[in-house]
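Enquirer: The chain contents come next:
Protein chains: 2
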Amino acid sequence: MFARNVVHTGYRVGDIDRSVRFYEKFGFSVHVRMPMGDAAQNKIGEVVFMALAGDGPRLELQQVFAETRPDPGTARSHIGITIDDMQGAVDALARDGIVPESPPFRPVKDGATICFFRDPDGHLVELLAGLEL
Amino acid sequence: MFARNVVHTGYRVGDIDRSVRFYEKFGFSVHVRMPMGDAAQNKIGEVVFMALAGDGPRLELQQVFAETRPDPGTARSHIGITIDDMQGAVDALARDGIVPESPPFRPVKDGATICFFRDPDGHLVELLAGLEL
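Chains A and B, in that order, give the protein sequences. So our numbering is basically just the index in the first sequence, starting at one, shifted up by 7. So our numbering is basically just the index in the second sequence, starting at one, shifted up by 7.
Hints listed in this document are in silico derivations from the structure and should not be mistaken for laboratory results. Fair warning: there could be bad hints in the mix.
Over 12 Å on every C-beta distance to chain B, these chain A residues come out as not near it, computed from the model [stated by the list, open to error]:
#1 25
#2 28
#3 106
Going by beta-carbon spacing under 10 Å, a handful of chain A positions derived as facing chain B [what the hints assert, rightly or not]:
#4 11
#5 73
#6 91
Since the model is a prediction, treat every value here as computed from it, not as a measurement. Cβ atoms here follow ideal geometry from the backbone N, Cα and C, with glycine treated the same way.
When you get a sec, could you build the whole thing from the sequences and use the hints?
Expert: Below, the structure is given as structure tokens:
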């Protein structure tokens, strides 16, 4: 059992600046931006790691210059983010033109209220309020 | 800036028991298993949260009964996991029949050594040794 920590979630994106602007609306800021290399250390793209205040650089965005339309498929890959106030978050995002995939709901009786949003490439962001895991 | 923490990464999978066995090889164990509900709280599948020892339940696997082949697409969604010893990890996984997508490499000069593996549905798992982010 050799693994220590899950440190980030990574996604390919079609326009890294567009994605940075999107995730900034959720409270992320850029932790580091660097060239992306292949096994031969040729520069093939750019990488940005983003972090919420007080959290680690848990979101990695990669843009590979040769790829313009990464397809997120149908597997609903997502990051889950805790928040205190679901309605406040939904309202704040709506003011930035970011609307949820469907209204907030509670999939487990007396469990967390959740809500999904799609990023500019179709990756999902889940907000969770009242999570007790 | 309303978000607090990135608490998990979630993936749809085609066979949740198969996925649990796969991630156990990386050191994850089941934190909780529960029914998955829709907005009307109908049971539509199962959810398992898995954690590495000493880490939170950062991996969510979902199997929706009506979906048998979630497609991970081409966006290379992945979780990044820190390890101490890359070659030891690659060797241990090989003994379990899990082989990397390509040999470990160092995309940034003097940076972390990384290696990608595909889970049974095609989602990527990245191992990182020497990460200093």
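Enquirer: Each hint should be assessed against the structure and marked as holding or not.
Expert: Quick rundown of the hints versus the structure:
no.: 1; hint: 25; in the structure: holds (14 Å)
no.: 2; hint: 28; in the structure: holds (15 Å)
no.: 3; hint: 106; in the structure: holds (16 Å)
no.: 4; hint: 11; in the structure: holds (5 Å)
no.: 5; hint: 73; in the structure: violated (12 Å)
no.: 6; hint: 91; in the structure: holds (7 Å)
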